[in-house]
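Enquirer: Given next are the chains, with one letter for each unit.
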Amino acid sequence: MPKDPRIQKVLVIGSGPIIIGQAAEFDYSGTQACRALKAEGVETVLVNSNPATIMTDPDIADHVYIEPLTAAVVERIIEKERPDAILPNLGGQMGLNLSMELARNGFLDRSGVRLLACRPDTIDRAEDRQLFKDTMEKLHQPVIPSKVVEDLEDAVAFAGEIGYPVIVRPAFTMGGTGGGICEDEEKLREIGTNGLRLSPIHQVLIEKCIAGWKEIEYEVMRDSKGNVITVCNMENLDPVGIHTGDSIVVAPSQTLSDHEYQMLRTAALDIITELGIEGGCNCQFALKPDSFEYAVIEVNPRVSRSSALASKATGYPIAKVATKIALGYTLDEITNEVTGETCACFEPALDYVVVKYPKWPFDKFVYADKSLGTQMMATGEVMAIGNSFEHAMMKAVSSTELGMDTLRLPGLAQLPDEEIVRRLAVQDSERAFVVYEALGRGIPHEKIYEITKIDPWFLDKLQNLADAEQRLRTEPLTEQSYRAAKKLGFLDKTILRLSGAGALPCAPARAGFKMVDTCAAEFAARTPYFYSTWDEENEAADFIAGRGGKGRKKVLVFGSGPIRIGQGIEFDYCSVHAVWTLKNHGCEAILVNNNPETVSTDFDTGDRLYFDPLTPESVDHIIATEKPDGCVVQFGGQTAIKLARHMEEIGLPILGTPADAIDEAEDRERFDALLERCGIPRPEGRTVYTLDEALRAAREVGYPVLMRPSYVLGGQNMIVAYNSADVEEYMGVITAHVDMSHPVLMDKYIFGTECEVDAICDGEDYLVPGIMEQVERTGVHSGDSICVYPPYDFPPSVVDTLVDYTGRFARELKVVGLVNVQYAVQNGKVYVIEVNPRSSRTVPYISKVTGVPMVDLAVRCTLGEKLRDMGYGTGLWRGGQSPYTAVKVPVFSFEKLHGVDTMLGPEMKSTGEVLGIAPTFHEAMLKGLIGAGFRFKTPGPGSCVIISVKDSDKREVTDLAWKLHDYGYKIYATAGTASYLRRQMIPCSTVRQMSGERPNVIDLLESELVDYIISTSPHGRDPHRDSVRFRRKATELSIPLLTSLDTARVLVDALRSEHSIDGMELVDVAALHRHAAGEARISG
Amino acid sequence: MQAYLILANGRVFTGQSVGCAGTTVGEVVFATGMVGFQETLTDPSYYGQIITQTYPLIGNYGMNKADHESAKVWAKGYIVRQACTTPSNFRCEKTLDAFLKENGTVGIEGIDTRALTRTLRESGVMNGAITTEFDPADAANAEKLANLLRAVSAYAVTGAVAAVTCKAAHTFPPLTPPAPGWQGEYGSSGELPPAADGEKPLHIALLDLGCKNNILRCLRKRGCTVTVLPATATAADLAALGADGLMLSNGPGDPAENTVVIQNLRQMLDTGIPTFGICLGHQLTALAAGAKTAKLKYGHRGANQPVTELATKRTFITSQNHGYAVQSGTVPAAMGAVSHVNANDNTCEGVAYTAWNCFTVQFHPEASGGPRDTEFLFDRFLSNVRAARAAAPAGADPAKTPVKEVR
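Just so you know, the sequences run in chain order A and B. In terms of numbering that gives the first Met the number 0, the numbers along the first sequence are unbroken and rise by one, the last being 1083. In terms of numbering that gives the first Met the number 0, the numbers along the second sequence are unbroken and rise by one, the last being 406.
Be careful, since some hints might not be right.
Only pairs whose alpha carbons sit at most 25 angstroms apart, straight line, appear in this in silico DMTMM-like list of lysine to aspartate or glutamate [what the hints assert, rightly or not]:
1) A:K2 to B:D378
2) B:K312 to A:E340
3) A:K486 to B:D96
4) A:K452 to B:E92
5) A:K137 to B:D378
6) A:K2 to A:E126
7) A:K552 to A:D603
8) B:K93 to A:E445
9) B:K312 to A:D331
10) A:K452 to A:E418
11) B:K296 to A:D331
12) B:K220 to A:E80
13) A:K79 to A:E42
None of these hints come from the bench; they were simulated from the model. Just so we're clear, the structure is a prediction, and the values are computed from it rather than from any experiment.
Just need the whole structure built from these sequences, with the hints factored in.
Expert: Put into structure tokens, the structure is as follows:
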């Protein structure tokens, strides 16, 4: 069936902010969908609250709405744009749930909008636990004994029937939020209560625990004609019990015979057929290791994280094909773009092994609980391709940027064998390393298997790596042992380090690149998608020799690796835009990245894609094959920046800002000299190595002080110390976790307003598209602050100073491209906090709200163009005037990160962000807060607010407390705060602390009467502290918690304002861009 | 031990020996299935060929008797990138290496199988040799190499069907359905109903041209009594058997070579017996009908080949293993028409006959290894057989052959 002619205009719903369990993969799928729609001549309307995405680009969709993802907003967009159809299955759970809501409430029918790809009853049959079970029973597909309950006592009774351990799975939550394994009734009562609360329909599944079975996934597709295919199957190294997002996953399956493979494949195809899905679907199975017994665990009737992985692992563009199917095409009518000749109705054959390794945020949150279970914890992932499992695994480990180049985790070596065996039983983020340590010590595979249920096949492969590492340590390095180690994936520097040899015994091995072609070389393919091997043949070299368009300048673009807190999707946005601009300006752009969730790793984004680690050695091999003319490092976050020095060493020209500028901005002494030259003030500071020095420095400078290690990575390990105890705690943690060859920097902490400026510089002129003012005062990481464009209360003199300082930095650092500067403003005086001569987190946000295509202009600068010729002018864009205010609101994943203090500080904790854009500050703020998930409640009978603040905040909180009281809330406060408030004539009740006698604040929290909490007291990271536990408890109960008075103030003002989102203007961001580009054309 | 793969074009790949040491000459082909290496190795259709597995890790789950498609390895040699020495699966009985040794199969591992596959794709199927007996790069072995290359160039797969077919007829009873409570396979493919109550089991003659076990199993688990006939069986042999239907198996070699079989087959089909042909069976039927076959450049060998059924426009993922194909334009219109085509290269994948009660497919509906999506074709065949039996005059007793258990 060809394309349905009735579909002329389609609405695509994105997945909203990045949170754990819903990350960049939906930007990849949404972007691919939009591009497929565009290619079919369909007009696209896109809505997503997340401004950091590529899908919200005006190049990607025709109409772009960065608006809160609520049914009411989407309904209004539909009324405004009048699309013919809605594409629900490419925007993750968020997009799907919203579409279903609109379908169920009859809105789609009323407005004559067709729902493509699925029907609400299909979704229910996959996602509603009971309907799912019934559907599987109809198909004779086995499921695990389970029961849906809506009441805790029923849960306990059923668990008694089927026996512990049991798993709790809340209905309609994404990433398994709120679920877990319960060993006994006590645990069930705890997790069950939580799960019931988190489920939007107050429903959980209690299920028999089948931990230890193999976990196998199939990605399947179906079209309207009923054609069905499997794109890929995957085997989890970790057995059932650990969320697949937290598992090491291999593709294809390794330990399944044809019999088991086909049995599960047939089951998956039967399921998608019965559900009648038109598009992609993910089926997860548990397979008993010693029989053919299996069970269907889960079915995701949409494009998912696993399908992004499957797409990258096979080269099969699932999202694009799913979109075409939604438009009416059938699989046999769609061309396999990889070969250009065969059709999409086939199953990819791999001739390599893929390993996916999760990226967890635990390196950042030292106090977080690292254990893994049915609730996903990873913020991102890396993928590696090799022609052996060992090689792929080694590539994956070095791609995760944990500072490891083998699976040997420093610290485990000191533990006794008994401790290692004990830790084998602990399912946490370090278990793969513990297994490796155990294998290295000769602990028998049977014993490891018995404890971990990791298939002996994987243990044997890991043993090969452990043995090779041991041999390198103990035996002299010969050419033979060198070659053997290379084949297993050891880096040259690792081999030298382990063997202690001064030099390699022979010329270093040269990588041969192989192509990912979907068909195991059966057909000639034209995909420029490669991975490194140690084979002699180099298909990339052949491809380069045979391609057209020779003589173009070749530029290497480094991607940003796995998504993590502090380095998220915004850097993929920058990398992808850099590639597009390079291509548009006559260059060949070659991408290197290792993140399967992103647009950058789509094989058609750059001229060529190398899916390999971003380590110096790996990149050297790519350079040897490509012989590029230069590279860009400023768009791929810290991951790419870290390669800058190496590029200088090997003499590959860096386009744009020189590598030395990075050092100059990061090295304290050089930075001080720079400030001197620029004549720019900064807070007083010291460099210290020891606790004594730190305490002395703090006294000299005066508390509070900002402490951070030099060479800061995205605010990592940064705190504000208010007293000597804070300094002592910090120095203790930092010396345990950070290499002390780099000192700790201590700066006088400036109380004031923080703001951020991004600029583009061509070496002479500079352009500041916009200035962002942060709502939270200094001390809260800029990534965690609510951030407003344009500034809402700076006098023109401050704005002028900010622009002037930024220009001085840009020129003095010889920036060619992007620079980001953070300032603190105190009493009209501007101080510099830090300068980053690279793209920043705020680039996509500012690009979108100002209409200035920042990455595009920056790349053109690096290619030698001048800003004055580009039409966007120099200095401050439009004189800082904007028809709209845009508010960026951070989004956190605290519900998933157990043990992490939700108190905001200088270390970034948010995983994503949303944008509110509206004509006024208050409207934009309201949109932003709603988009970020704040539920605006009206006080009902008994509704209350808890306030507990530190002494220095008490004066300030008074006004807030009065406003809340006036709005109708009952105020509860902890003893100190309460007596202060009462002295200010604000009625309030005292509530006992958590450690106090019951009833105390816990009981109040559990009463469901608490609408908001304001807690700023006392600061600390140790999860056992009373205040930290209090905040954790509130988070687990999903009670909005404000840890900064500034955030509280804007929220309270928004609450009390007369504004309602219902009548607010919907802003088409694409139109803003067209307008800005028009202006640029006229002036340029 | 070092081993060498020497191609007819002189290209040498150096690897390590797996399986038996020695020298072997054959036609080098590649198979793209990611699982099912054991089914591939024991598939008689690979007679005379040296198999290259494109998936790099082979033998991960070891060997087990139940999944053999015949009693032994028929291929001349085996090429893998990495043969697993520590297989893991609950049914694993032995390693790939041990199995190859038992079968006297010469193999090589540790070579760049993708580079080899690309060579075969570009130049077409090529003869080659695996040897562990001399280093072809050593000038001292120049004469040995020249001799071996002569043998390689001269090699042709001939007399394949005669080599692989059974020597005498054997009859197999229907398989009983699994007992209740059986902890085996669930789902639609494993639990097809046996013959209806009271119905006399259908009796199918299976012409063994190099038959895979699963063709036999697919018929038996559908309640059929199956008599396997050697490829030399004549129409008279078939008539004496009194079977309800005729199944033509897969098999190796150049189809056009089997002139006697084709002759016999034409006479069998002329009797009007319901017939279903797979792979070589499909090709021989076409030749019997007057169509032509031709050798493909490098064949279809894998578990991911899309086949479109022209009548329904549905496309199915199929398992395939063939080097020759029926030339679509050559099927005489009076005999029948092409019913299935390959969605990638449009080659003939099936023929529906009007002159005979027969349909045939190039792909493998019996799977093993590969997808089971077209197993329903056996049901289609058996409903043809039932319909023919219902229409047949009473009195004929097809089940007069005594049933004896052989395998």
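Enquirer: Next, verify each hint and record whether it holds.
Expert: Hints versus structure:
1. A:K2 to B:D378: Given that 25 angstroms is the threshold and the Cα spacing comes to 34 angstroms, the pair is violated.
2. B:K312 to A:E340: Roughly 19 angstroms separates the two Cα atoms, so the pair holds.
3. A:K486 to B:D96: Holds, at roughly 22 angstroms.
4. A:K452 to B:E92: holds, 21 angstroms
5. A:K137 to B:D378: The hint holds at about 22 angstroms.
6. A:K2 to A:E126: violated, 29 angstroms
7. A:K552 to A:D603: Cα-Cα ~18 angstroms, so holds.
8. B:K93 to A:E445: Between K93 of chain B and E445 of chain A the Cα gap is close to 18 angstroms, so the pair holds against 25 angstroms.
9. B:K312 to A:D331: OK: K312 of chain B and D331 of chain A at ~9 angstroms, within 25 angstroms.
10. A:K452 to A:E418: holds, 18 angstroms
11. B:K296 to A:D331: holds, 23 angstroms
12. B:K220 to A:E80: violated, 58 angstroms
13. A:K79 to A:E42: Roughly 14 angstroms separates the two Cα atoms, so the pair holds.
In terms of the numbered hints stated before, the structure departs from hints 1, 6, 12, listed from lowest to highest.
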